[in-house]
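J.: Top to bottom, those sequences are chains A and B.
Heads up, the first sequence is in our numbering, so the first residue is 432 and it goes up one at a time.
Heads up, the second sequence is in our numbering, so the first residue is 10 and it goes up one at a time.
Treat the hints as calculated values from the structure; they're not laboratory data.
Keep in mind that a hint or two might mislead.
Quick list of in silico lysine-lysine cross-link-like pairs, BS3-like style, CA-CA up to 27 angstroms [to be verified]: (1) B:Lys116 / A:Lys474; (2) A:Lys474 / B:Lys59; (3) B:Lys64 / B:Lys48; (4) B:Lys64 / A:Lys474; (5) B:Lys112 / B:Lys48; (6) A:Lys474 / B:Lys75; (7) B:Lys59 / B:Lys48; (8) A:Lys474 / B:Lys48; (9) B:Lys48 / B:Lys116; (10) B:Lys112 / B:Lys59; (11) B:Lys112 / A:Lys474; (12) B:Lys112 / B:Lys75; (13) B:Lys64 / B:Lys75; (14) B:Lys75 / B:Lys59.
Computed footprint of chain B on chain A, listed as stretches where at least three residues anywhere in the stretch have a Cβ under 8 angstroms from a Cβ of chain B [as the list claims (entries may be wrong)]: (15) 475 to 489; (16) 529 to 541.
All C-beta atoms in this analysis are idealised placements derived from N, C-alpha and C, irrespective of residue type, glycine included.
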Amino acid sequence: EVRLVESGGGLVQPGGSLRLSCVGSGFDFSFYGLNWVRQAPGKGLEWLSFISDRGDTIHYADSVKGRFTVSRDNAGNSLFLHLSGLRVDDTANYYCARTSSWHYVDNWGLGAQVTVSS
Amino acid sequence: DIQMTQSPSTLSASVGDSVTITCRASGDIGAWVAWHQQKPGEAPNLLIYKVSLLKSGVPSRFSGSKSGTEFTLTISGLQPDDFATYYCQQYDTYPLTFGGGTKVEIK
Numbered sequence: 432e433v434r435l436v437e438s439g440g441g442l443v444q445p446g447g448s449l450r451l452s453c454v455g456s457g458f459d460f461s462f463y464g465l466n467w468v469r470q471a472p473g474k475g476l477e478w479l480s481f482i483s484d485r486g487d488t489i490h491y492a493d494s495v496k497g498r499f500t501v502s503r504d505n506a507g508n509s510l511f512l513h514l515s516g517l518r519v520d521d522t523a524n525y526y527c528a529r530t531s532s533w534h535y536v537d538n539w540g541l542g543a544q545v546t547v548s549s
Numbered sequence: 010d011i012q013m014t015q016s017p018s019t020l021s022a023s024v025g026d027s028v029t030i031t032c033r034a035s036g037d038i039g040a041w042v043a044w045h046q047q048k049p050g051e052a053p054n055l056l057i058y059k060v061s062l063l064k065s066g067v068p069s070r071f072s073g074s075k076s077g078t079e080f081t082l083t084i085s086g087l088q089p090d091d092f093a094t095y096y097c098q099q100y101d102t103y104p105l106t107f108g109g110g111t112k113v114e115i116k
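Working from the sequences, and respecting the hints, build out all of it.
T.: Encoded structure:
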């Protein structure tokens with residue numbers, strides 16, 4: 432069974448930083464691209480970032496480009512998202528999501544809540 | 010960027026009804042559309058990919074279709090477990106984009 436488990440969420444002040452982690456199991460982690468997707472309270476899904484299986488291709492949404500950095504450690508079956516320059520409107524549940532070989536999201540993590548507030 | 014315009018935003022229906030949700034893409038995305046279901050307090054789950062292919066384990070009452078740049082999710086014979094929010098997603102190009110969601114409520 433494919434499992435993706437996020438951690439590292441919490442309460443942070445505006446302008447602060449945070450690092451989210453996502454550990455994958457039940458599949459060959461190094462063979463899949465991965466995404467970060469967030470959902471603000473009561474809102475829809477917003478794609479944030481993609482990293483390819485080897486980490487050599489990366490994409491970001493304009494809303495987070497220059498502030499968020501995605502990376503991965505295939506040896507540790509881990510995906511990361513470093514969030515900096517956080518704003519109140521970055522408050523959301525952050526999901527890691529596996530990408531199929533055809534690039535659709537085929538599995539979702541449980542999510543990690545990030546709250547940006549003073 | 011490709012915009013996905015999803016309608017309606019809310020839909021009220023009864024168990025046994027058939028319902029249709031539509032997404033219109035702002036450009037040509039071929040057949041690269043997926044549909045995800047999200048229940049309250051839970052993560053989304055993939056239902057359909059490449060317009061009409063069901064993920065393993067998804068009931069056959071779910072179906073998808075395409076006409077030009079308009080994509081449709083149909084649920085034939087709503088079951089109590091189907092009351093949820095549904096999102097379309099295009100994966101033709103980055104940035105990946107989602108529709109705004111359709112909440113299917115009990116009438």
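J.: Does each hint fit the structure? Answer for all of them.
T.: Hints and how they fare:
no. : hint                : result
1   : B:Lys116 / A:Lys474 : holds (22 angstroms)
2   : A:Lys474 / B:Lys59  : holds (25 angstroms)
3   : B:Lys64 / B:Lys48   : holds (17 angstroms)
4   : B:Lys64 / A:Lys474  : holds (25 angstroms)
5   : B:Lys112 / B:Lys48  : holds (10 angstroms)
6   : A:Lys474 / B:Lys75  : holds (26 angstroms)
7   : B:Lys59 / B:Lys48   : holds (22 angstroms)
8   : A:Lys474 / B:Lys48  : holds (13 angstroms)
9   : B:Lys48 / B:Lys116  : holds (17 angstroms)
10  : B:Lys112 / B:Lys59  : holds (22 angstroms)
11  : B:Lys112 / A:Lys474 : holds (11 angstroms)
12  : B:Lys112 / B:Lys75  : holds (21 angstroms)
13  : B:Lys64 / B:Lys75   : holds (17 angstroms)
14  : B:Lys75 / B:Lys59   : holds (10 angstroms)
15  : 475 to 489          : holds (count 5)
16  : 529 to 541          : holds (count 10)
Of the numbered hints stated above, none is contradicted by the structure.
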